[in-house]
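Asker: For reference, the chains in residue letters:
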Amino acid sequence: MTSNLLAITVGAILVNNFVLSKFLGICPFLGVSKKIKTALGMSGAVIFVMTLSSLVTSSIYKYILSKTFRVGETEISLTFLKILVFIVVIAALVQLVEIILQKFSPPLYQALGIFLPLITTNCAVLGAAELSVQAGRGVIESTIFGFCSALGFALALILFSSLREKLDLAQVPKPLQGTAIGLITAGILAMVFMGFSGLV
Amino acid sequence: MTIILTSLIFAALLGAILAIIIGAAAKAFAVESDPRIETVTDMLPGANCGGCGYAGCADFAKAIVGGIAPPNDCPVASADDATRIAEYLGITSEEKEKVIAVVKCSGNIAATVRSPYNGIEDCRSAVLVAGGAKGCDYGCIGFASCARACPFDAIEIRDGLAIVHPELCVGCGKCVDTCPKNLIILAPAAVDVHVYCNSPEKGPAKRKVCKTACIACRKCVKAADNEEQMVIKGFLIETNYDNPPISDLVEKAACPTTALRLATKHAAGEYEGASK
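Which chain is which? The protein sequence lines are A and B, in order.
Residues in the first sequence are numbered from 1 upward in steps of one, following this note's numbering.
Residues in the second sequence are numbered from 1 upward in steps of one, following this note's numbering.
Be aware that one or more of the hints could be misleading.
Derived lysine-lysine pairs resembling DSS-like cross-links, with alpha carbons at most 30 Å apart [what the hints assert, rightly or not]:
| hint | chain 1 | residue 1 | chain 2 | residue 2 |
| --- | --- | --- | --- | --- |
| 1 | A | Lys-37 | B | Lys-62 |
| 2 | A | Lys-174 | B | Lys-174 |
| 3 | B | Lys-27 | A | Lys-35 |
| 4 | A | Lys-166 | B | Lys-174 |
| 5 | B | Lys-265 | B | Lys-208 |
| 6 | A | Lys-37 | A | Lys-166 |
| 7 | B | Lys-265 | A | Lys-103 |
| 8 | B | Lys-62 | A | Lys-103 |
Chain B side only, calculated, beta carbon under 7 Å to chain A, not exhaustive [said to hold, decoys possible]:
| hint | residue |
| --- | --- |
| 9 | Thr-2 |
| 10 | Ile-3 |
| 11 | Thr-6 |
| 12 | Phe-10 |
| 13 | Leu-18 |
| 14 | Ile-22 |
| 15 | Ala-25 |
| 16 | Ala-26 |
| 17 | Phe-29 |
| 18 | Val-31 |
| 19 | Asn-118 |
| 20 | Ile-120 |
Read the hints as simulated data drawn from the structure, not as lab findings.
All values reported here derive from a predicted model rather than from experimental measurement.
Don't be surprised by glycine CBs; every beta carbon is placed ideally from N, CA and C.
Take these sequences, add in the hints, and give me the full structure.
Answerer: And the structure:
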């Protein structure tokens, strides 16, 4: 059990990093990485939502979707509804988090700003839920996997935003300025993370 | 058929449960906010430039509604906009004089002595290296820190000199805070005559490094309708913005170094190459 959890942790953070080796959540990775401060805010919000959504979606999958029901003559399994259910649950969860945060922590709510509702469209959140289901993980393992995947996302985002802050001061050739050099940097960063493959 | 019905019912049930939870949460954790804030935000220009001193238009709207800030603190909104907001809130608004930024330097590459500089192309970084590469210690470095700070693209870097386009400038003052040489001022928009020099050094010393420096020859002071319209400050002459000269002065004075300029013609580039 412990070694399994360790494998999940290291695997999710380093080896199968969501951004740099699975290419999930690229949109916020590029959009929110101009400053370390916003990157930290986004990372916090993603970690929170992803952990919570992994817990809820894996529970729903385990106790409702994966069961077979008998309705009249036919046996029914609702597994095919999982993507739809996951998206709705994640969206609702983000909304709920936003409402509660606005009430109890206005400073944090203001700091996260637009990033909070944007997490709904972050495919890494859906990815974590879907991959856990595919790997046949239980509720606790899924939650840990979601948390660690979000940590991996945060790691990639903070690394990349620090690099971009340095890039702002570098003399970049005209055609490569801005997003272009950002994408090249992201590519090199992804290659660096390839070095972790085979660790788990 | 059964499977379609079951999945439909399941999806509807899930949606309903989530809707009830969110609805209940929104009710239970509702945050009371003044509806006027949103209306005032909509009435503001929405540029979020920070020229009013607040974090953005929404923050400024909150301050207006709260009675902390007057609506005419916004440099972007026209007087009509401010009046409309004041009417909506039932408060009075005084008209505020419109200001624009003036970069008090006319020394472009052609007119000044400069040493080579290979560092970061940013005025603040350049200043760290012996105060910048320009011969004149007080003039515009021309690495566009102000132009990048401008939310309205009103500053153009032409031939190594920052030039404000008066028709685009709203006077938010972001460039004033950015310039490491402190040579950008906010001047009344109605005044067109400015002295484009900021160096307090003696005339000959200035002329050695810049062809378009103000050498305090006082031609403009004499040509003005009354002597108070131009103020002499040591070896530098300035427009008296409280008692400004009319635009004709530039032609009448015939400034020998063309440091005395009209902001509009300066932006149009009419003085370039005119100095001897």
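Asker: Against chain A, with CB atoms and a cut of 7 Å, does the hint on Ala-25(B) hold up?
Answerer: Check passed: Cβ of Ala-25(B) comes within 5 Å of chain A, closer than 7 Å.
Asker: Hinted pair, alpha-carbon criterion (30 Å max): Lys-37(A), Lys-166(A). Please report holds or violated.
Answerer: Judged against 30 Å, a Cα distance of about 14 Å means the pair holds.
Asker: Take the shortest C-beta to C-beta distance between Val-31(B) and chain A; is it under 7 Å?
Answerer: holds, 5 Å
Asker: Identify whether the interface hint at Leu-18(B) stands, where standing means a beta carbon of chain A within less than 7 Å of its own.
Answerer: Interface hint status for Leu-18(B): holds (4 Å vs cutoff 7 Å).
Asker: Between the alpha carbons of Lys-166(A) and Lys-174(B), is the straight-line distance 30 Å or under?
Answerer: Holds: Lys-166(A) and Lys-174(B) sit about 24 Å apart, inside 30 Å.
Asker: Are Thr-2(B) and chain A close enough, Cβ to Cβ, to be under 7 Å, as the hint says?
Answerer: holds, 5 Å
Asker: Starting from Lys-265(B), check that the Cα of Lys-208(B) is at most 30 Å away, please.
Answerer: holds, 26 Å
Asker: Go through the hint on Ile-3(B) and say holds or violated, using the shortest Cβ distance to chain A against 7 Å.
Answerer: Since chain A brings a Cβ to about 5 Å from Ile-3(B), closer than 7 Å, the hint holds.
Asker: Can Phe-10(B) be said to touch chain A, with a Cβ gap under 7 Å?
Answerer: Constraint on Phe-10(B) satisfied, holds at 6 Å.
Asker: Verify the proposed pairing of Lys-37(A) with Lys-62(B), using a straight-line Cα cut of 30 Å.
Answerer: The hint holds at about 25 Å.
Asker: Should the hint that Phe-29(B) touches chain A count as held when the rule is a Cβ pair under 7 Å?
Answerer: It holds, given that the least Cβ distance between Phe-29(B) and chain A is near 4 Å, below 7 Å.
Asker: Quick check on Thr-6(B) please, does its C-beta sit within 7 Å of some C-beta on chain A?
Answerer: At 5 Å from the nearest chain A Cβ, Thr-6(B) passes the 7 Å test, so the hint holds.
In summary, the structure is inconsistent with hints 3, 7, 19 from the numbered list given earlier, while agreeing with the others.
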